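K.L.:
Read off the chains here:
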Amino acid sequence: MPTHSGRELLSGNRMVALGALSAGCRFFSGYPITPSSEIYQAMIEELPRHHGTAIAAPDEISALCYCVGASLAGYPAMTATSGPGWCLMIETVQYALMTETPLVIAVVQRLGPSTGGATQGGQGDVLLTEFCTSGGYTIPVFAPATARECYELTRVAFHWAERLRTPVVLLSDKEVGMTYEGVDLEALDHAPVTPRVAHRDAGRYLPYASPCDSEPPPFAAVGGETRVVATGSAHDQAGNLRKNSREVLDILARLQTKVEAHAGEMADVVTDLQPGAEILIVSYGVSARASLDACRRLRASGRPASWLQVRSLFPVPAAAIRTAANGCRVVAVVEENLPGLYASVLDGALRDLSIRRVTRTGEMIPPSAIVAACEEA
Amino acid sequence: MESSVLVKDAPLPYCKGCGHGFAARALGEALETLGRPAHEIVLVTDIGCVGLADSLFATPHTVHTTHGRSTAFATGLALSDSVLGSGRLKPVVLIGDGGAMIGLNHLVHAALINADVTVLVHNNFLFGMTGGQNSAFSPEAFVTATTPGGNAVPPLDLAQLLTASRASFVARVLASDRALSDVIRQAIDHPGFAMVEILELCTGFATKWNALTGATLRGVADRAGYALGVLHEVRRPTYADSVRSRAIAASSRHRGIVERAGSASLTAPVRVVLAGTAGERVQTAAGLLAVTGLSCGLEVTQKNDYPVTQGTGFSVSEVILSSASIGFTGIEQPDVVLVVSDDGLRELRRNGTLARAGATTLVVADSTLAVGDLPGTVVRAPFRQIAGGKQAALAAIAHWLGLSLLLPRERLAASVTDRFGAEAMTTLSDVLGRLSDAAM
Chain A
154 MPTHSGRELL
164 SGNRMVALGA
174 LSAGCRFFSG
184 YPITPSSEIY
194 QAMIEELPRH
204 HGTAIAAPDE
214 ISALCYCVGA
224 SLAGYPAMTA
234 TSGPGWCLMI
244 ETVQYALMTE
254 TPLVIAVVQR
264 LGPSTGGATQ
274 GGQGDVLLTE
284 FCTSGGYTIP
294 VFAPATAREC
304 YELTRVAFHW
314 AERLRTPVVL
324 LSDKEVGMTY
334 EGVDLEALDH
344 APVTPRVAHR
354 DAGRYLPYAS
364 PCDSEPPPFA
374 AVGGETRVVA
384 TGSAHDQAGN
394 LRKNSREVLD
404 ILARLQTKVE
414 AHAGEMADVV
424 TDLQPGAEIL
434 IVSYGVSARA
444 SLDACRRLRA
454 SGRPASWLQV
464 RSLFPVPAAA
474 IRTAANGCRV
484 VAVVEENLPG
494 LYASVLDGAL
504 RDLSIRRVTR
514 TGEMIPPSAI
524 VAACEEA
Chain B
348 MESSVLVKDA
358 PLPYCKGCGH
368 GFAARALGEA
378 LETLGRPAHE
388 IVLVTDIGCV
398 GLADSLFATP
408 HTVHTTHGRS
418 TAFATGLALS
428 DSVLGSGRLK
438 PVVLIGDGGA
448 MIGLNHLVHA
458 ALINADVTVL
468 VHNNFLFGMT
478 GGQNSAFSPE
488 AFVTATTPGG
498 NAVPPLDLAQ
508 LLTASRASFV
518 ARVLASDRAL
528 SDVIRQAIDH
538 PGFAMVEILE
548 LCTGFATKWN
558 ALTGATLRGV
568 ADRAGYALGV
578 LHEVRRPTYA
588 DSVRSRAIAA
598 SSRHRGIVER
608 AGSASLTAPV
618 RVVLAGTAGE
628 RVQTAAGLLA
638 VTGLSCGLEV
648 TQKNDYPVTQ
658 GTGFSVSEVI
668 LSSASIGFTG
678 IEQPDVVLVV
688 SDDGLRELRR
698 NGTLARAGAT
708 TLVVADSTLA
718 VGDLPGTVVR
728 APFRQIAGGK
738 QAALAAIAHW
748 LGLSLLLPRE
758 RLAASVTDRF
768 GAEAMTTLSD
778 VLGRLSDAAM
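Protein chains in written order, with our numbering: chain A, 154 to 530; chain B, 348 to 787.
In short, the hints are calculated from the structure, not lab data. You may find that some hints are simply not true.
Label pairs and their computed distance ranges (CB to CB) [unchecked claim]:
no., chain 1, residue 1, chain 2, residue 2, range
1, B, A671, A, A340, 12 to 22 Å
2, B, T493, A, R202, 47 to 57 Å
3, A, G289, B, G626, 41 to 51 Å
4, A, G501, B, G478, 32 to 42 Å
5, B, S783, A, A530, 48 to 58 Å
6, B, S783, A, T476, 54 to 64 Å
No more than 20 Å apart at the CA atoms, straight line, and that leaves these computed lysine to any residue pairs for SDA-like [what the hints assert, rightly or not]:
no., chain 1, residue 1, chain 2, residue 2
7, B, K355, A, A391
8, B, K555, B, R565
9, B, K355, B, G368
10, B, K355, B, H386
11, A, K396, B, L399
12, A, K396, B, M476
13, B, K363, B, L399
14, B, K355, A, L394
15, B, K737, B, G780
16, B, K737, B, T656
17, A, K396, B, P358
18, A, K396, B, L359
19, A, K396, B, P360
20, B, K355, A, R357
21, B, K355, A, N393
22, B, K555, B, N498
23, B, K737, B, R766
24, B, K555, B, Q480
Small disclaimer: the values here were computed from a predicted structure and weren't measured. The beta-carbon is built from N, C-alpha and C at its ideal position, and this holds for glycine as well.
Take these sequences, add in the hints, and give me the full structure.
P.N.:
Here it is in structure tokens:
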């Protein structure tokens, strides 16, 4: 057990805000919604003291548009919301993706569908966040399970948003965001993340010309001396609206390639593997914690079991999961939604494995339910 | 700055006589005469024919956006630059009447906060790009693709609506008016939110279906009751001015570092449920227990639950104290249940906590509550009577720690003193004394 000299009692939501500030977030715009409001509140309080500014928006659409505007002007930007607000933001997320505008959106899930249960947790937005674009472009999604991970993965989200010039989702939920834990802030990484690559050449700037398919174009800020042409419509390298030319289609393909090319670097899983395990319990977010408890109970009762927490949900870290599942008869995927949304993704990505869904909705899945499901598997 | 703002020789992407062409040329002239470096202007264009204007302009930045949202993107550009950057960037929004209606919220908010944005609303009374459908700006009796018998709904007076929304510059001009470029220049020069509504002909549809020409356009305005010219102009602080005039809050709200000051050794995690009434500091009391655990070197989690409302109904906190790291933050079987009000008791029955209480579960309840038969030990004390509703939860925690000796009670006392001062601790000591007298 580590010796703690000084810790603070902090919620996951507060840790998202602190992670964003440490990463170099300069702009936040938000709209109140349970259970994410604390992030909004914290950024309103903290950003002015961290070289930034935060503004109350009149609705979620405006909130994300304000963030895109700020990011186009060169300032790393974030908003926070929950499922109902995310639904309103999807139009603008797609715009950010198409214009290659870095952006972090913290989605603190609650029980759905529709307004659902404001003060109840859930993991029902995992596919709604990922598959929100026409065309199915990969949006990196990171899922913290603890207050500390809220901090760390918010930083990771900023890193990839800036590195790849793309929107990134930090996907937590009510029970992660509004649960308090002891955190040693001193022990965490405080270095700002590397900013987006800037355009430096003196020659003509082609805002959507990239050095190679795995990299985003160099960035020039709207308002700087280099003229920027940005557009959410299909465009050539100069940013001119064009119908299906080869150049346009190549740019659309690069939006996906630049993310896929870095999938290996983004892959982030935590494992507790046991030699000879017959079952691998895979989970993410709040359910990963109960799953680890369940794994330990199974071992204590003489059933070898392994555990894997997916921290980077998308791109799917299929290779890491496959490696961990080596020798296991069953992969149990534990998540707080009825159909087994992420399990359906793993079903497709890992067709040779036998996937068993362990799901429940309306309350956190307790370790006993996971143990029972694994014993039947 | 290059000598020409407009792209030389670029063919207008508009029908002959379309008002968008007049407006683009007027904007070009206005930008020429502004005397601002080109890179300090960003044209933010909406969807529709008006959104094709980007390609006509050679020198300013251009951002082509989604339908109706152009004003919001422009507001984000203006807010960030004016507060964090040079403060010299001026977004000029080019939006149609369709976009103005779908994005009305964005116009209203930009006006209210006096964002340093100029919005040119190109009002041709219908949706041109998609085939001439009616809009919220179509005049009464106007024939469009979707009002073949004539529009029955009166048009929106955007100038009045934005004036009521505290816009600091509002104008309405005919596209054919020679003053248009000068009004646009005034709008861009205006510090703060400015809206210019440009009344136009759509020669693709509107003039084919209605007796409408350049000569009769003014009559349309008259019949709609639209005044023309610069209608409203005031100077008031921009959003950035307001931000700069406000002091930055000195201290952050989070509770600060808890130094390790005591120790506690738990052979197994202790799972505590605290239930009471919203507004009676249940979560605050649970937080003090959690902080006390931290100060003793333990791992802790505190999970709160409440109805959608903030100040009525139940309030429940679940605190886990453990010497090892904590996985599941819910409580399958509680070790201790502290319940201090009817609201709390009802919720513990509803959510199944009491049903899950086992033979080893200690229940500490206010004397007034009928907790019923439970398999474990039940301790009752008059928390509400002695401590009052707002201190009952904290009193129950202190009372329980006195019985269980799980954490040193002086560590709880230190947490209370840290948070609320020595006086609060004196009050709590008094409450504990009276509780112990009551127990005798």
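K.L.:
Now, for every hint given, state plainly whether the structure supports it.
P.N.:
Hints, verified against the model:
1. A671(B) / A340(A): 12 to 22 Å: The hint (12 to 22 Å, Cβ to Cβ) holds, given that A671(B) and A340(A) are roughly 18 Å apart.
2. T493(B) / R202(A): 47 to 57 Å: holds (53 Å)
3. G289(A) / G626(B): 41 to 51 Å: At 47 Å between Cβs, range holds.
4. G501(A) / G478(B): 32 to 42 Å: holds (41 Å)
5. S783(B) / A530(A): 48 to 58 Å: The hint (48 to 58 Å, Cβ to Cβ) holds, given that S783(B) and A530(A) are roughly 53 Å apart.
6. S783(B) / T476(A): 54 to 64 Å: At 60 Å between Cβs, range holds.
7. K355(B) / A391(A): holds (18 Å)
8. K555(B) / R565(B): Satisfied, since the Cα-Cα distance of roughly 18 Å is no more than 20 Å.
9. K355(B) / G368(B): Holds - the C-alpha atoms of G368(B) and K355(B) are around 14 Å apart, at most 20 Å.
10. K355(B) / H386(B): holds (19 Å)
11. K396(A) / L399(B): holds (14 Å)
12. K396(A) / M476(B): holds (17 Å)
13. K363(B) / L399(B): holds (15 Å)
14. K355(B) / L394(A): holds (19 Å)
15. K737(B) / G780(B): Answer holds: K737(B) to G780(B) is near 18 Å, not above 20 Å.
16. K737(B) / T656(B): Holds - the C-alpha atoms of T656(B) and K737(B) are around 18 Å apart, at most 20 Å.
17. K396(A) / P358(B): holds (18 Å)
18. K396(A) / L359(B): Satisfied, since the Cα-Cα distance of roughly 18 Å is no more than 20 Å.
19. K396(A) / P360(B): Distance ~15 Å between K396(A) and P360(B) Cα, so the pair holds.
20. K355(B) / R357(A): Since the Cα atoms of K355(B) and R357(A) sit roughly 18 Å apart, the hinted pair holds (cutoff 20 Å).
21. K355(B) / N393(A): Roughly 17 Å between the alpha carbons, so the hint for K355(B) and N393(A) holds.
22. K555(B) / N498(B): holds (15 Å)
23. K737(B) / R766(B): holds (15 Å)
24. K555(B) / Q480(B): holds (13 Å)
Checked against the numbered hints above, the structure violates none of them.
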